[in-house]
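Residue numbers (the numbering used here), protein chains in the order written: chain F, 1 to 114; chain D, 115 to 229.
Calculated directly from the structure, the hints in this document are not laboratory data.
Computed from a predicted structure; not experimentally measured.
Treat the hints with care, since some could be wrong.
To be verified - Label-pair distances were calculated between CB atoms; the ranges are:
| id | chain 1 | residue 1 | chain 2 | residue 2 | range |
| --- | --- | --- | --- | --- | --- |
| 1 | D | 128 | F | 66 | 41 to 51 Å |
| 2 | F | 66 | D | 196 | 39 to 49 Å |
| 3 | D | 117 | F | 17 | 37 to 47 Å |
| 4 | F | 5 | D | 124 | 27 to 37 Å |
| 5 | F | 80 | D | 131 | 41 to 51 Å |
We put the CB at the ideal spot given by N, CA and C, even for glycine.
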Amino acid sequence: AQSVTQLGSHVSVSEGALVLLRCNYSSSVPPYLFWYVQYPNQGLQLLLKYTSAATLVKGINGFEAEFKKSETSFHLTKPSAHMSDAAEYFCAVRWGFGNEKLTFGTGTRLTIIP
Amino acid sequence: ETGVTQSPTHLIKTRGQQVTLRCSSQSGHNTVSWYQQALGQGPQFIFQYYREEENGRGNFPPRFSGLQFPNYSSELNVNALELDDSALYLCASSSQAGESTDTQYFGPGTRLTVL
């Protein structure tokens with residue numbers, strides 16, 4: 001079955017430090033990849049998406065992600081963490097044309113240490 | 115441009131009851147997807163509606179049903195509520211089914227508690 005794995009349910013980084021949130025997916029079918037952020041008691045906000053163009057994708061709030069087909073990964077990074085980055089982050093995958101379903105990982109809760 | 119809206123924000127029901135959740139899609143969008151997010155989990159796909167027809171369904175029982183209206187708003191109905199139905203229900207709208215690069219935009223969700 002197709003699946004999405006987010007390594008680390010909780011990640012803590014110091015303010016100003018590098019943020020790295022990991023996402024791996026299964027399946028050899030070329031995927032469409034998304035990162036969403038969820039603040040407490042809110043819905044999901046799109047951070048960025050990969051749609052088979054450039055492998056390095058830039059999103060909002062200084063986040064970026066790199067698609068690595070050989071590693072089936074789409075890790076999310078930000079060079080310098082800010083207190084406002086504290087939230088839950090979800091990686092999501094959509095496989096193939098006409099398949100509307102998004103499959104989500106279980107999420108990574110990011111905590112920023114002052 | 116109006117974003118995705120959902121109502122109600124919170125809802126408390128008892129086991130065995132029925133519930134209807136509502137979603138208004140973003141302006142210009144004709145596709146609505148529903149997801150269930152249990153506490154501490156990622157969202158799980160329930161089903162999708164495109165131009166008033168069901169366009170895909172996840173692993174949910176038939177007591178989860180839906181509708182889409184001509185204005186592309188949508189309802190999620192759940193019959194015979196169970197305790198495990200307690201979750202955040204998210205609605206997402208997108209502009210066109212079949213376009214794999216299309217992006218789903220999410221509403222704020224409805225928090226359902228079943229007692």
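Hint by hint, here is what the structure shows:
1. 128(D) with 66(F): 41 to 51 Å: Check passed, 48 Å falls within 41 to 51 Å.
2. 66(F) with 196(D): 39 to 49 Å: holds (42 Å)
3. 117(D) with 17(F): 37 to 47 Å: At roughly 32 Å between Cβ atoms, residue 17(F) and residue 117(D) fall outside 37 to 47 Å, so the hint is violated.
4. 5(F) with 124(D): 27 to 37 Å: Holds: the Cβ-Cβ distance is about 32 Å, inside 27 to 37 Å.
5. 80(F) with 131(D): 41 to 51 Å: Because 49 Å falls inside the window, the suggested range holds.
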